[in-house]
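Participant: Okay, here's what each chain looks like letter by letter:
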Amino acid sequence: MKEGTQRQSLKTIISNNLFGLKIAWKATPLYVFSKILFQIANAIVMFFEHVYGMKLIIEAIQYNKPFTYVVCYYLIISPFILGLYTFESFFWPYFNIKSTEKMHRDIMTLLYDKTTTIDLEKYDDSDFYSKLVWNITQAPAQIDKLVDNVASVFCGLTMLGIGAVMFYNFDRVGIVFASVSLIISLLVQAKLNRTDYDLDVSLNKELKKRSYIYRLFYLKDYAKEFRLNKDLKQKQFDEFEKSNDNIANSYKAYSLKRIWYSFVVEYLCKTFTLNGLYVIYLIYMAMIKKVLSYGNVVALYRTASWQFSTGVFSLVTVIPQFSKSSLYMGSIQKFLLLKNKIVDDKDAQKADESMDNVIEFCDVSFGYNKKKQVLHNINLTIHSGEKIAIVGYNGAGKSTFVKLLMRLYDTNSGEILLNGKNVKEYNLHSYRKLFAVVFQNFQPIAATIAENIVMDNKPYDKARVEEALIKSGFEKRLKTLERGIETQLTREFDDNGVNLSGGEEQKVALARVFYSNSPVIILDEPSSAMDPISEYNMYKNLTSYTKDKTLIFISHRLSTTKLADRIIMLENGRIIEQGTHNQLIQRNGKYAEMFEVQSSKYEYRE
Amino acid sequence: MQTESKNKYTLIGDICFIFKTVWNFDWRRVVLGILNSATVYLLEIYTSIIFFRYVFDSISDEANYYKIITFVGASLLLYMVINLYQLWYTKRFEPISDSAMYRNLAQLVFEKAVDVELACYDDADFYNKYTMAMADTEKRIKSVMDNTYSIVGSTIEAIIVYITLFSIDKWASLVGFFPIIANFVFAYFYNKLVFERYKENMPWFRERDYVNRVVYLKNYSNEFRMTNGYKIIRDTYFRAHENIFAVLKKYRRKLVFYHFSDMVFSFFFVLQGLLFYGAYRAMVTKSISISDFAVFSSIMTNATFSIRKISESLTQVINAGMYIDNFRSFLVYKNKLVESKSPVIPSEDIKSLEFRNVTFTYLGQKKPVIKNLSFIINKGEKVVFAGHNGAGKSTIIKLLMRLYDPDEGQILVNGIDIKEYDLDAYRNLFGVAFQDYQILAMTVAENVLMRHKNDADTEKIVSALKASGVYDKICQLEGNIDAMLTNEFDDDGNVLSGGEYQKVAIARAFAKKSSIAVFDEPSSALDAISENNLYQNMKEYAKDKMVLYISHRLGLAVEADRVILFENGQVCESGQHSDLMQQDGKYADLFRKQAMNYVDEQGEVM
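Sequences listed follow chains A and B, in order. For what it's worth, this note's numbering labels the leading residue of the first sequence as 1, then goes sequentially. For what it's worth, this note's numbering labels the leading residue of the second sequence as 1, then goes sequentially.
Keep in mind the hints are simulated off the structure, nothing from the lab.
Label pairs and their computed distance ranges (CB to CB):
1) A:L219 x B:D492: 16 to 26 Å
2) A:L219 x B:L78: 45 to 55 Å
3) B:E559 x A:L219: 31 to 41 Å
Over 10 Å on every C-beta distance to chain A, these chain B residues come out as not near it, computed from the model:
4) I12
5) D146
6) Y149
7) K170
8) S352
9) E354
10) R356
11) C475
Ideal Cβ positions, reconstructed from N, Cα and C, are used throughout, including at glycine.
Generate coordinates for the entire structure from the input sequences, incorporating the hints supplied.
Facilitator: Structure below.
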């Protein structure tokens with residue numbers, strides 16, 4: 001991520017991480033709590049088991065204390081140890097997994113609810129979109145990491161705290177060794193993290209490229225191309241080699257720094273200071289000064305070499321991670337708090353499905369970005385029950401026109417009126433319910449056929465669904481399906497699911513229109529994947545069924561536009577011609593030219 | 001996780017295979033890798049047995065202080081050398097060697113991947129195995145190597161630890177049975193249950209993952225705003241989670257039991273048991289010295305963790321074994337599209353092309369797609385292949401290009417069975433625009449050529465892009481024909497619309513100096529004018545070539561030399577457009593239905 005380079009203030013880091021932690025806490029408070037508690041308890045029990053216990057036993061041996069002393073110690077500590085085991089055994093195989101699943105579910109639902117309601121224009125902003133995808137795909141791992149890191153901090157602090165108590169009680173000089181080691185480690189580790197980060201940045205693109213090329217070779221999608229273009233293999237291998245070399249060179253460039261910093265942290269701070277120098281000091285105190293018992297030597301050695309350095313190490317590695325997770329949590333927070341421009345105002349006037357609706361475009365202009373206007377000064381009135389065809393070349397603005405109509409976007413200038421009132425003044429949900437739509441490039445969701453038609457989780461009328469499918473020409477195929485309209489579409493997660501052909505999918509999509517009660521029907525190239533006969537039947541049914549409804553359809557194929565009461569020809573975002581088919585043909589303008597090009601192919605006299 | 005499929009090779013065989021492969025890539029990798037692992041184990045044993053014991057013995061024997069200091073100093077030097085070596089290995093040598101290894105691996109894999117016949121990709125079983133083997137191969141190779149080191153190292157460590165224990169007290173070494181039981185009995189059952197739980201959860205994971213994958217996709221963005229379709233998906237998500245929770249709960253009790261038993265046997269009996277026994281021997285029977293006891297306390301963790309590591313690494317190797325098996329079978333796989341022993345170089349002058357009684361069935365399907373198909377196409381003919389979806393048109397093209405071989409019958413070019421030809425040279429005869437084209441992440445020019453670009457190519461590329469009607473668009477891109485396409489790994493790469501990508505793919509057919517031009521539904525995403533221009537350019541370009549044009553839009557058929565109508569994998573009707581219309585059969589019917597809407601009420605063509 002590019003944003004990683006920005007510096008964040010401590011306040012931002014804390015507040016962003018707290019935000020993430022709050023989400024986790026809300027989803028599963030018991031989990032967050034027990035994870036932290038477990039880390040603390042574990043550190044304490046481990047101390048009494050391996051450090052303090054060892055001191056007691058060795059001293060008991062050295063000073064010839066009775067064996068019952070040791071037995072007592074075991075009687076006290078064993079229940080704690082076994083208790084911890086019991087907790088762990090319940091925690092790891094069950095509670096941990098269940099809770100993280102639940103936590104993920106709740107966070108993802110939060111994100112998804114937002115994703116499906118943000119303004120559609122956000123999808124066109126490719127930076128925003130790729131960030132959105134990144135947020136969503138990373139969310140589970142990031143939130144897990146955050147909870148783990150918080151727990152690790154508690155673990156590290158507990159271990160450090162116990163270590164400090166040990167040093168304070170038995171050898172205060174130890175604190176000097178420990179502090180020197182801690183401070184230098186923290187400073188150098190920060191540099192190491194920085195270097196690792198720089199390395200990651202320089203590797204990032206090349207790693208992506210390398211794995212992309214590797215994937216090309218084993219994915220089915222590209223198999224044909226490699227077989228028919230035999231030089232493609234060499235070309236891709238050369239690219240692979242190039243990025244592979246770049247990767248090796250990046251590692252080489254950073255290796256000396258990384259080795260040196262790691263050496264300081266791992267060897268000089270840990271092994272040399274805490275294991276080496278401190279041990280020499282301990283032996284001196286035990287042998288020459290004779291102020292330390294064997295038990296204390298062992299216990300202090302363990303405190304320094306294990307307890308304290310593990311604590312230091314976990315803090316040193318965990319703390320820098322908070323600035324990473326802060327970036328992520330900040331980005332999620334920003335996304336979740338995003339304000340929509342197109343707002344669903346519950347109190348606004350509701351649009352009425354049963355009414356005759358007149359839609360007016362008054363001087364509407366629109367562009368997806370400031371640079372390029374897609375629609376210019378559109379003026380148009382659509383009366384209830386009219387059949388309107390929108391034609392034009394690729395990029396003329398046809399799809400944009402219908403998207404504005406549905407209020408997936410709001411106009412830049414000018415207004416769209418429904419029954420004389422700006423569409424922005426209507427309740428959004430009720431307004432959008434006026435439309436039944438089949439979009440271009442329709443893809444079914446992994447649900448039953450019926451659900452794909454009803455597109456709601458409410459109970460539905462089976463007979464009506466079947467009727468809609470018959471009208472859309474799906475009847476023949478429906479009969480071959482054992483489970484009828486209950487058939488699961490796609491094999492995404494159901495092996496008994498059915499993958500329909502492109503044409504069949506479009507028929508299912510079309511059935512939505514026949515099923516719905518919406519007074520306005522919008523079709524964006526509904527027949528592109530259908531064969532001629534299906535297309536012909538579909539349009540026949542469509543015209544007879546939609547008699548009193550408004551129908552707006554976009555089509556490349558002009559054979560269908562003759563069905564329309566009015567044809568709107570768009571070019572470069574402007575209405576250049578409109579009228580009935582015959583009027584436009586007589587006018588002999590652009591429409592006539594376009595129609596001529598297509599129909600000439602069918603010229604044949606019997 | 002365990003594998004269900006039977007392995008073709010033995011585990012030892014797999015390990016040997018990996019080491020042999022890596023040895024051939026770079027023998028230093030194997031030697032230095034072994035050395036690196038050896039130092040890890042050496043350090044562990046040295047610290048807990050030799051270092052600790054020496055220091056403790058010296059203190060209790062009141063040895064010379066300076067002797068101890070010298071020993072500690074020497075040890076620190078040893079630690080330093082080892083630490084530096086390990087850092088050099090992990091931070092410099094290994095990553096660089098990895099990329100060299102990856103390069104060699106890629107070369108091996110690419111060679112093979114391009115060679116395997118396309119039919120393998122239709123075999124779901126083969127494909128799954130193959131993709132599984134291919135994905136992350138380099139990681140698995142590393143994992144097998146590292147885990148092998150770990151098994152050998154941990155075994156040696158365990159032997160030394162138990163011999164040491166035995167030398168102090170022969171009964172104490174018996175404690176080794178506990179971790180063995182824990183890791184090979186309880187952990188075994190535990191893992192088995194976890195795997196069963198995973199299998200039982202699979203369907204719900206798939207549902208959950210499906211939702212995670214699709215909610216934010218652009219395809220659904222419009223629909224989720226216009227309908228309540230998202231609610232269905234959301235329900236799916238929650239249902240999946242409820243099911244996951246139920247499965248987790250079902251396995252909870254048993255897993256907690258095995259986990260607890262594992263922990264008690266692995267840790268409690270070894271750690272607490274050994275110490276308690278040691279204290280008893282030192283204090284009650286006074287049969288071991290205080291320093292022996294201290295050794296007990298320091299090697300008890302090695303005693304249990306060495307055995308734990310053996311079992312864990314063994315599981316990992318066994319798991320990787322399945323992938324390695326698949327990888328090996330893939331490398332030795334023999335292509336079934338056998339090249340002729342004395343391959344004929346085909347003439348570029350194509351006089352005839354014949355299908356003679358060809359029958360073909362896709363793998364895993366019962367019904368043949370092509371049934372006893374025969375037809376001949378003569379020099380320079382422009383033929384339109386017509387027919388419904390699923391009539392077998394695209395399959396014919398694939399057979400013709402020898403992406404598959406027919407089950408029965410022959411395909412002859414210039415009277416010679418195409419199996420006799422040199423495969424690469426034969427496939428090179430074709431210039432193809434596929435319906436399911438793929439755009440690769442490389443420059444426009446390279447996407448057209450499907451190979452490296454030379455300076456001499458520029459003119460050819462420009463005219464091909466002009467012919468396919470996308471050159472104007474390409475000129476708007478920064479870098480012109482050298483502009484990068486797709487943002488797969490390059491964030492600055494250009495993303496074009498579906499229609500524009502298709503035109504780039506069509507340009508491939510124009511750019512190639514081919515003898516037979518094949519257009520497989522090239523115009524599905526194009527508007528009328530683009531389609532017509534494309535067709536005119538195609539005619540111009542392929543003046544004296546043989547052209548096969550697949551389309552279910554019949555408008556183009558009028559101009560073709562011949563139309564072949566396919567139905568159910570057989571030729572249904574064949575002849576010139578006018579003849580077929582006179583024949584008044586299926587073709588005429590189909591054509592009329594499509595033409596109907598272009599013809600006005602009087603039966604006159606507009």
